[in-house]
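Whenever a hint applies, use it, and build me the whole structure from the sequences.
Note that the protein sequences, when read in sequence, are chains A and B.
For what it's worth, our numbering labels the leading residue of the first sequence as 833, then goes sequentially.
For what it's worth, our numbering labels the leading residue of the second sequence as 15, then goes sequentially.
Derived from the structure by calculation, the hints contain no laboratory data.
It is possible that some hints are incorrect.
Said to hold, decoys possible - Capping the alpha-carbon separation at 30 Å, the derived lysine-lysine pairs in DSBU-like fashion look like this:
no., chain 1, residue 1, chain 2, residue 2
1, A, K1032, B, K30
2, A, K841, B, K184
3, B, K20, A, K982
4, B, K30, A, K866
5, B, K196, A, K1083
6, B, K27, A, K951
7, B, K30, A, K977
8, B, K35, A, K1037
9, B, K133, A, K1083
10, A, K951, B, K73
11, A, K1032, B, K27
12, A, K858, B, K196
13, B, K196, A, K834
14, B, K111, A, K1110
15, A, K1037, B, K30
16, B, K27, A, K983
17, A, K899, B, K35
18, A, K982, B, K35
19, B, K35, A, K907
20, B, K35, A, K983
21, B, K110, A, K1110
22, B, K110, A, K1111
23, B, K110, A, K1083
24, A, K983, B, K30
25, A, K1024, B, K73
26, A, K951, B, K19
27, A, K907, B, K27
28, B, K20, A, K977
29, B, K218, A, K858
30, A, K1032, B, K73
31, B, K30, A, K951
32, B, K218, A, K977
33, A, K907, B, K30
34, A, K977, B, K196
35, B, K73, A, K1037
36, B, K184, A, K1083
37, B, K111, A, K1083
38, B, K30, A, K982
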Amino acid sequence: MKETVLLTKRMRDFPSDSHLIDIYEKSNGYKVAKKTLSKSSPEEVLKEIQDSNIKGRGGAGFPTGTKWGMLVEDKEKYLVINADESEPGTFKDRILLERDPHQLIEGMIITCFAANIDKAFIYIRGEYAKPARRVQNAVEQAYSKGYLGKKIFGTNMNLDIVVHLGAGAYICGEETALLNSLEGRRGEPRLKPPFYPAVKGLYMKPTLVNNVETISSVPWIVENTGAEYNKLGVEGSTGTRIFSLSGHINKPGNYEIEMGSSFGEFVETLGEGVRNNKKIKAFIPGGASAPWLTGEQLEIKMTIDDVAKNNSMLGSGAVVMMDEDTNLVNAAKSIVSFFAHESCGQCTPCREGTTWLEMILDRVASGRGRSSDLELLLDVCDNISPGLSWPPKMTTICPLGPSAVSPITSLMKNFRDEVENMIPTKVLL
Amino acid sequence: MSWDKKLINQANKIIKQYPQKRSALGPLLHLAQSKDGYISDDSIEVISELIGITEVQVKSVSTFYSMYKQEPTGKYLISVCKSISCEISNSSDVIKKVQEITGLNNNETDEEGIFTFEKVECIGACGGAPAIQINYETVEGMTPESTESLFNWLKENQPKVIVADILQEKFGGTRSFEWGIKDNSGTIASVPGFQNFNTVGESK
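The following block contains the structure:
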């Protein structure tokens, strides 16, 4: 198994200075944008993106071409890049922001050309200070060259980009919460409808909200055609994707691969195997929100559809491997406690439910659990997401609440004995 | 108003970037914090006047986000990640070490105003777990031993500028990915080192 390098090529070719505009231009950078703006029509760009069948790389996997096609016509429209990467296990946008910020900017220029947008924002999580500095420097370099601002590349197109820092709220990765945050409000997801920011987004104006990796793919797609991109990977999961591999692995890291290999192959080849030759007990296929898979399911293919068929999701592309020595109750507690901390508090099932789940799991993990706690955990989960099905049923405005249910149902379904073993047999009163 | 001219100018520069003034609220709160180390009542008043919303609206936003501190932070904000990849890579040992060295509980600041300690959720350094941030500059691949060395170094040198690359070189271990580029820029406050907040510093 090998990497297929489209988005991470430049940072490999120029390991020490891939972030600089001179290097970017030396390696073909901004040529696609220049050519597109002078020779193509917005419709042609949209068609390439639709032909590529690329799906959003933020986690939801919504087809990008469809999203762009839904953008309503208006005098005032915006592009917002979602760089609020905070799904536990995920660090793939960080490498794109830090090491190839111009690729993102060029993707934004082409996107704004296709959608006739003249104002764009990059919303970067506040903890990503270093990536944000790099992007800000890159934006300033692009302005100084006339690639941003008025009449870019000498055409009639204008585009301003603002780099906006968040302030530590995972929920702002949810696109309507992100828009509220960018408007200077609490990062609370908006009640739907309206369902799509492409209809009513920032300041209730049509807005494209796209992930960093998605828009960083745009220059390659437009240069090489959507049809070429569509040939990579497998049907339903085309192109390459950067997976963040972490946990008990010999060589954790970001790997850009075509979707279609199995998780096991990924771990054994690129990840160079499990640390200390241990066995994998469980793994998370797509970030903390995704239900866990077990060590027996490593042969599942890394495609959106294959993982969905096995009742989980490829999500943000964060693969976390847990070996046979892992205390899974503690692991679940860590994830539940994450969601309890990050719940925005609007919806009662999520606000109260995640807090209770955290308290009960804490009790179990510290050896003070009660035998009734197992059913209690599932009961609280059922109140957040009735039926405990996958994809989850919702009682809340956004999927954060149901995400906290994933680790618990995974634990109960596959590792119930581990939880039971942590309950003291005799409780002294 | 109790912000000096330089800060007000910077605030107005930020406000101008946005189609609507209120969008500048988040960045202005970071700016306020770069001055005082927390969101003071004074700053709330200034910001509410600058962008034309009520003080309560400013307060309501400032209390939603975990990076806006409601109490003064120390010179160095120590944030140790406890999310899943760090949790299964023994971040609890790093947390114990920090607490042992500083004597601080979660979200506490020492009397001298040097260190503030907090346990935080995922900081996007999962490949280099366990990870820690000093004033939002990331160091990856920590151990209890390297944590101790890091604190000794901070106490001894009390550096004005905190730079991720320098800390990583001196005290870090496994990285999430090859950082590649050598970078000397970092932060001069307990807020993110970012151009718009005038908090970027260069180290030799």
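Hints, verified against the model:
no., hint, result
1, A/K1032 / B/K30, "23 Å, holds"
2, A/K841 / B/K184, "29 Å, holds"
3, B/K20 / A/K982, "28 Å, holds"
4, B/K30 / A/K866, "28 Å, holds"
5, B/K196 / A/K1083, "22 Å, holds"
6, B/K27 / A/K951, "17 Å, holds"
7, B/K30 / A/K977, "22 Å, holds"
8, B/K35 / A/K1037, "16 Å, holds"
9, B/K133 / A/K1083, "26 Å, holds"
10, A/K951 / B/K73, "29 Å, holds"
11, A/K1032 / B/K27, "28 Å, holds"
12, A/K858 / B/K196, "20 Å, holds"
13, B/K196 / A/K834, "28 Å, holds"
14, B/K111 / A/K1110, "27 Å, holds"
15, A/K1037 / B/K30, "19 Å, holds"
16, B/K27 / A/K983, "23 Å, holds"
17, A/K899 / B/K35, "28 Å, holds"
18, A/K982 / B/K35, "22 Å, holds"
19, B/K35 / A/K907, "20 Å, holds"
20, B/K35 / A/K983, "25 Å, holds"
21, B/K110 / A/K1110, "27 Å, holds"
22, B/K110 / A/K1111, "28 Å, holds"
23, B/K110 / A/K1083, "26 Å, holds"
24, A/K983 / B/K30, "20 Å, holds"
25, A/K1024 / B/K73, "26 Å, holds"
26, A/K951 / B/K19, "29 Å, holds"
27, A/K907 / B/K27, "25 Å, holds"
28, B/K20 / A/K977, "28 Å, holds"
29, B/K218 / A/K858, "29 Å, holds"
30, A/K1032 / B/K73, "27 Å, holds"
31, B/K30 / A/K951, "13 Å, holds"
32, B/K218 / A/K977, "29 Å, holds"
33, A/K907 / B/K30, "20 Å, holds"
34, A/K977 / B/K196, "24 Å, holds"
35, B/K73 / A/K1037, "27 Å, holds"
36, B/K184 / A/K1083, "21 Å, holds"
37, B/K111 / A/K1083, "26 Å, holds"
38, B/K30 / A/K982, "16 Å, holds"
In this structure, every one of the numbered hints holds.
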